[in-house]
Amino acid sequence: MKNKLLSFPKLVAFLFLLLMAIIWVVPLIWGLVTSFKGDMEFKTIGFKFLPVEWVTTNYTSLLVDNDSTPLLHWFFNSLIISVVHTLLVLIVVSMAAFAYGRLHFKGRNALFLFLMATMMFPGVVNLIPLYKIVDSLGWVNTYWAAIVPGAAGVFNIFLVRQFMVNIPIEFDEAARIDGAGDFQIFFRVVLPLLRPILMVVALFSFTGSWNDFLWPSIVFNDIEKMPITSGLQLLQGMYTAQPTLLMAGALIAIVPTFILYLFAQKYFLQSMSLSAGVKG
Amino acid sequence: MEAPVKVIEKKATFKRSKKRTVNWTPWVFVTPHLVIFSLFFLVPILYGIYISFTSWDLVGKPDFVGLANYKEILWQKDSSFYTQFHNGLKNTFIFVLLSVPSCIIIPLLLASALNAKPRFHKLFQSIFYMPTLFSISAVVIIWTLMFNVNQGPINNLLGKSILWTGSQPYAWATLVIVTVWWGIGGNMIIYQAALNGIPKDYYEAADVDGANAIQKFFKITLPSIRGQILYTVVITTIAQFNVYGQPLMLTAGGPTDSTRVLLMDIQQNAFGSGQSIAGIASAMAFILGLCIMVVSLIQFLFLRNRD
Chain R
1 MKNKLLSFPK LVAFLFLLLM AIIWVVPLIW GLVTSFKGDM EFKTIGFKFL PVEWVTTNYT
61 SLLVDNDSTP LLHWFFNSLI ISVVHTLLVL IVVSMAAFAY GRLHFKGRNA LFLFLMATMM
121 FPGVVNLIPL YKIVDSLGWV NTYWAAIVPG AAGVFNIFLV RQFMVNIPIE FDEAARIDGA
181 GDFQIFFRVV LPLLRPILMV VALFSFTGSW NDFLWPSIVF NDIEKMPITS GLQLLQGMYT
241 AQPTLLMAGA LIAIVPTFIL YLFAQKYFLQ SMSLSAGVKG
Chain H
1 MEAPVKVIEK KATFKRSKKR TVNWTPWVFV TPHLVIFSLF FLVPILYGIY ISFTSWDLVG
61 KPDFVGLANY KEILWQKDSS FYTQFHNGLK NTFIFVLLSV PSCIIIPLLL ASALNAKPRF
121 HKLFQSIFYM PTLFSISAVV IIWTLMFNVN QGPINNLLGK SILWTGSQPY AWATLVIVTV
181 WWGIGGNMII YQAALNGIPK DYYEAADVDG ANAIQKFFKI TLPSIRGQIL YTVVITTIAQ
241 FNVYGQPLML TAGGPTDSTR VLLMDIQQNA FGSGQSIAGI ASAMAFILGL CIMVVSLIQF
301 LFLRNRD
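Protein sequence lines correspond, in order, to chains R and H.
When you line the first sequence up against our numbering, it's residues 1 to 280, in that order.
When you line the second sequence up against our numbering, it's residues 1 to 307, in that order.
By construction, these hints were calculated from the structure, which means they are not laboratory data.
There could be a bad hint or two in this list.
Taking lysine-lysine pairs in the BS3-like style, the calculated list, with each CA pair at most 27 Å apart, reads [stated by the list, open to error]: (1) H:K117 - R:K10; (2) R:K10 - H:K122; (3) R:K10 - H:K200; (4) H:K200 - R:K266; (5) R:K10 - R:K266; (6) H:K117 - H:K200; (7) H:K71 - R:K132; (8) H:K90 - H:K71; (9) R:K266 - H:K122; (10) H:K216 - H:K122; (11) H:K216 - H:K200; (12) R:K10 - H:K216.
Take a look, some chain R residues computed to stay more than 10 Å from chain H by CB distance [claimed, not checked]: (13) G38; (14) P51; (15) E53; (16) V55; (17) S61; (18) L62; (19) V64; (20) V83; (21) D172; (22) G179; (23) A180; (24) R188.
Sample of chain R residues facing chain H (criterion: CB under 10 Å; computed from the structure) [said to hold, decoys possible]: (25) H104; (26) L232; (27) L260.
Glycine included, C-beta positions come from ideal geometry on N, C-alpha and C.
Throw the hints in and build the complete structure from the sequences for me.
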């Protein structure tokens with residue numbers, strides 16, 4: 001009797017989650033199967049969930065290099081931008097966090113507090129001048145426009161610095177007694193121990209950069225140079241009448257982050273609570 | 001930025017004569033970030049505020065015009081920018097009001113259900129989190145077809161032919177549904193961690209007192225995770241104020257500009273085809289930024305004061 005009572009909430013929870021999971025999964029499955037439908041079939045036959053005839057023409061016509069919608073090109077643009085952006089963030093953030101968390105210098109706390117305070121400023125205000133600065137650097141329509149400005153963020157420094165608090169300062173001191181300087185302590189002692197949090201920073205920098213939408217749509221108008229998010233917007237404008245083709249494009253665009261999620265799910269799920277725990 | 005650095009230099013030279021040489025290595029570590037931060041965040045913010053007091057086409061020199069831009073968008077009823085701004089800001093607020101509660105309540109329900117650890121809860125968790133990692137343009141393309149009038153599964157399931165993205169109130173509904181589907185993963189994970197941290201004895205004590213599930217939720221669960229709720233409410237609100245991709249690609253601001261949000265106007269005025277009206281756009285951006293700060297502050301004080 002007691003067992004049954006205990007399992008009742010679990011059953012309710014299960015049914016609720018199942019219903020919601022169906023709502024969550026159906027668009028993806030529908031998108032996937034639709035991307036294998038022929039354009040004619042989709043438009044002429046009434047509503048059918050599965051394709052009558054499975055075709056790959058949507059993918060092949062998108063992936064064949066054409067000048068007006070070079071999807072493969074966009075894909076690699078995004079890849080380069082996201083990877084380099086992530087590396088840049090890792091370097092800049094770990095160095096800064098090390099200095100604010102471990103080294104002593106005049107004005108350190110004031111400077112760090114100032115940086116924290118700027119997080120309150122809403123980013124929309126800087127959009128227009130940021131374009132002007134990027135333009136005067138000659139970066140419009142170059143990868144740099146999408147790689148560098150995003151590394152200005154302060155939150156990651158905060159996150160890594162908080163994590164560093166849990167690394168005993170005795171490690172540094174021991175190394176210092178052995179004659180290590182700040183650089184050696186950073187590279188040999190602290191950096192290896194920061195791996196879990198840097199993993200989190202890397203994953204979020206990569207996905208954030210891969211999925212960024214507004215900024216790339218401003219700094220890229222050269223079709224050859226744009227990342228895939230802007231490319232999809234362009235694609236949507238050109239092929240409104242060919243939804244099955246659009247669907248194939250959208251699915252290609254989510255492949256990298258999807259694969260990343262399959263392999264690094266644990267880190268993604270841990271990281272959210274990590275970043276909230278720090279703040280909350 | 002300049003001032004503190006100079007002070008440090010002075011004190012440093014003073015010290016050097018007295019004790020030992022100053023260690024410059026900390027500055028080697030912070031400088032790369034400080035340079036990027038100054039050039040791509042601090043300077044643009046300050047410049048953006050200045051620009052809002054000028055007339056500027058993004059190319060030539062900004063002309064200082066005082067409060068003219070603000071006067072025009074706030075009070076000059078015959079100006080098209082007045083209409084644009086009021087409509088855009090109103091729609092942005094409508095979107096925030098519609099989407100934020102859903103982006104808090106739904107993940108909270110999901111997290112509570114997941115916390116009961118039913119069968120497959122790990123799988124469910126991954127499913128709900130996954131769309132967070134997709135780009136908004138891909139998400140919108142997928143959902144546009146879901147809501148398609150004739151070929152979409154939703155209308156076919158309901159047996160109706162609703163013009164989802166092209167008529168109200170359905171256009172708002174589609175925007176909120178897509179936003180919730182896309183973006184609740186993070187909040188859900190935060191709530192799960194928070195719920196896990198509530199001591200089990202609280203609930204056991206409540207059971208002894210004969211409390212029911214609803215009482216337990218409002219008297220134990222909610223108060224225990226207030227910190228995380230506050231955090232998620234603030235960050236979700238900020239995120240939704242910056243809504244752009246969904247109305248741009250899903251409804252194109254329609255029907256008849258009823259879902260056209262302010263960021264679309266800002267983008268259009270500053271970077272759209274034709275001559276740039278960056279001064280007006282900056283004034284719009286500044287007011288949007290001000291709204292975001294004020295609302296965050298109110299939420300913070302309101303949710304804090306209940307202690």
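Requested in this report: Would you list, in rising numerical order, the hints stated earlier that this structure does not obey?
Outcome: Result: no hint breaks.
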